[in-house]
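Read top to bottom, the protein sequences are chains B and R.
For what it's worth, our numbering labels the leading residue of the first sequence as 1, then goes sequentially.
For what it's worth, our numbering labels the leading residue of the second sequence as 1001, then goes sequentially.
By construction, these hints were calculated from the structure, which means they are not laboratory data.
We put the CB at the ideal spot given by N, CA and C, even for glycine.
Do not take every clue at face value.
As the list claims (entries may be wrong) - Ranges between beta-carbon positions, derived for each pair:
| no. | chain 1 | residue 1 | chain 2 | residue 2 | range |
| --- | --- | --- | --- | --- | --- |
| 1 | B | Thr-84 | R | Glu-1115 | 35 to 41 Å |
| 2 | B | Gly-85 | R | Asp-1164 | 36 to 42 Å |
| 3 | B | Leu-65 | R | Leu-1075 | 33 to 39 Å |
| 4 | B | Thr-84 | R | Asp-1257 | 43 to 49 Å |
| 5 | B | Arg-10 | R | Gln-1045 | 47 to 53 Å |
| 6 | R | Pro-1048 | B | Asp-79 | 32 to 38 Å |
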Amino acid sequence: MTEAARRLRRRAYADVEHDGDRFVARLPDGPAMRLVGSAGVIWDCFVDGATADEVTAEVAGAVGLAPDAIAADVTHFLDDLVRTGLLEVT
Amino acid sequence: MPELSLPLPVRVRMTHAAMQFLADESGADLLHIKGPALDPELAAQRPPSSDADVLVRPAHLRRFIRALAGTEWSLRTRFATGSAFEHAATYWSEVFGYVDVHRSFPGLEAPDTFEVLWADRHPVDLGGYACAVPGQTAQRLILLVHAARSGGSRDVGIAWEQADSAERARIRQLAERLDAEIALASALGDLEQFREHRAYRLWRTFADPSSTRWDELRGRVEAHPHLLGKAGILVRALVPNFEHLQMAAGHRLSRRDRAYAWQERYRRAWRELRHRHD
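Extracted from the complex, chain B is given alone in its bound form (with noise of 0.2 Å):
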């Protein structure tokens, strides 16, 4: 299956929000990130088993954007939430 093709889902995760900033942390036991700027929207797209071109789409709806301008910031993003596990592939 390409990176692609594979389907995610959120692990468990507590969502701070704090003097304006937005942090998620794995649980029970982290890591932690700070969501800064597109990453709060793609946090917030994403929907359990949606795969990168999906969430893709959604953010550029919501955003008002083409998807192909923005697909490569959406992938690697969920790249980095999978490689701290925030989000695992199904």
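Here the structure of chain B is known, so what remains is to put chain R in place on it, guided by the hints.
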């Protein structure tokens, strides 16, 4: 010790979420107390907490601790050595910081304390998790008995002086139900009415800044209802608290450190004894 990069309020809320996650996974009943678990009316006047506190149903303690043991959270102080009351264990996470896992709350002495607090719980969102917290009257009582033990006139102001007469009556009623009257009296400066109580001397040591370790030890021995428990307190008092020393030092203790701790333990005891008799 690695530096934590999350802001403190974020860490503490996430800790509550992490503990609730583990409670849900293990089927443990958990109450979240103090800090961000307080009702906003009480929390607003207090400084941010530096750690999270949770109270586990005693019957579920083992399963909860087992769940914790399977994570990256590391045990820092055990129940037996964490405090004079042996009421809490402290865990540390490099990501989230400290959590105090309580199996009881000093001052709330009724055997069914957890059940009484649980019956009046309501959920609060902490880090995206629905966390059970005690009712506001219980929250006030917890702040008060904690203030009696650790010194906290601000919390007495928040939890008692700002309460109206109806709420004070509810606090007193709950204190009676939870066998917390002496602790409450201590917080409110009325300890003398409990002079005949076996825990009087113990609560007096917390209220009196000039109290020594001997005073506290004697208070703990007198307060314990059973002979074996009293003997256990005396035996453990002979041993330095290496866990606390290690935490304070920030590194594992060497053999020399431990030897020094033993010497210092008895040197200090001797000094205090001499001071008492001078």
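Run through the hints listed earlier and report the numbers of any the structure violates, in increasing order. Violated hints (numbers, rising): 2, 3, 4 and 5; every other hint is consistent with the structure.
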